[in-house]
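Can you build the whole structure from these sequences, using the hints too?
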Amino acid sequence: MIKHVLIVGLGFMGGSLAKSIKKYTGIKITALDINEEYLNKALEEGIISKGIKQVDCNIDADVVFICTPVGKIIDCIYEIIPYLKKGCIITDIGSTKKLIMEKIEKILPDDMYFIGGHPMAGTEKSGFTASVSNLFKDTSYFIMPIKNVPNDIVKLFIDEIIIKIGAKPVIIDYNLHDRFTAIISHVPHIVSAALSNFACSEGPDAIQYAAGGFKDTTRIAMSQTEMWKDIVISNKETIKELLLKYSEILAEFISYLDKEDIKSIEKFFDDARMYRSSIE
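Residue 1 is where the sequence shown starts when you use UniProt numbering, and the numbers rise one by one after that.
The set of hints was computed from the structure by calculation and includes no laboratory data.
Each residue gets a CB set at the ideal place from its N, CA and C atoms; glycine is no exception.
As a list, the in silico BS3-like pairs of lysine-lysine whose alpha-carbon atoms are at most 30 angstroms apart: (1) Lys41 with Lys125; (2) Lys98 with Lys137; (3) Lys3 with Lys147; (4) Lys229 with Lys98; (5) Lys168 with Lys86; (6) Lys164 with Lys23; (7) Lys155 with Lys72; (8) Lys41 with Lys3; (9) Lys103 with Lys86; (10) Lys137 with Lys155; (11) Lys236 with Lys215; (12) Lys125 with Lys229; (13) Lys98 with Lys164; (14) Lys106 with Lys3; (15) Lys53 with Lys229; (16) Lys53 with Lys103; (17) Lys215 with Lys245; (18) Lys85 with Lys103; (19) Lys137 with Lys125; (20) Lys103 with Lys72; (21) Lys23 with Lys50; (22) Lys164 with Lys125; (23) Lys23 with Lys155; (24) Lys22 with Lys164; (25) Lys229 with Lys106.
Beta-carbon label-pair distances, calculated as ranges: (26) Ser201 with Asn151: 51 to 57 angstroms; (27) Ser140 with Glu79: 27 to 33 angstroms; (28) Ile153 with Glu252: 45 to 51 angstroms; (29) Met222 with Asp261: 32 to 38 angstroms; (30) Glu79 with Lys50: 17 to 23 angstroms; (31) Asp75 with Asp205: 41 to 47 angstroms; (32) Ile153 with Leu195: 41 to 47 angstroms.
If you want it as structure tokens, here you go:
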């Protein structure tokens, strides 16, 4: 039974996770963050039972959620391992997994378990004050246990936390996960940022007239740079491959314009509308 969790990083995602666990379970929550304001706010709201700025003593947590930027996850786990009890489940919420999973398998003691995690939820917002308790409701939550994790441990983690916060668990190979997230998250973010930069460089005066279409398409470009620089570097090969394929689609569309190929242009938009409507 899971009675106590430690959440490392109480920003938007970590804060939302804390609020969800508080709302939908009876699990005790301790939070670790260098931001004292976040800790005090979470304590005032009754979200967490204890807030700490550093780990300097043993922590009796059954599960530890690492909610830091991807580039800090490995170091964070390495530093916290000596203070955790035997049988502890360590998990993360990082958007890429290959580098993390392969390194964790080398440093994790045999009496602890790592279950890679990635909730497919989030916004461009940041910080604990923006976090919400229903962020994970009806969203997919990727689960990637390393080889030594028994099935009953994975089931316990899923049944007592993931399902209770309203998420839909999906057990998946980490290589496939990184490709999926590159397709539906990483490349779209880069495209959104590229469109924002393009509009600014080509017509800065036009931006003031931007309406729903432009704002919707570029919304995610407002996400934190600290988080996204780590993501794109840790998944760079897959992202590069997909961006090249994306550029081929743009080049093909340009050829339709050059030829005034109305049928191909119509098919381009019709196909896109059909694919997009299928995920509503």
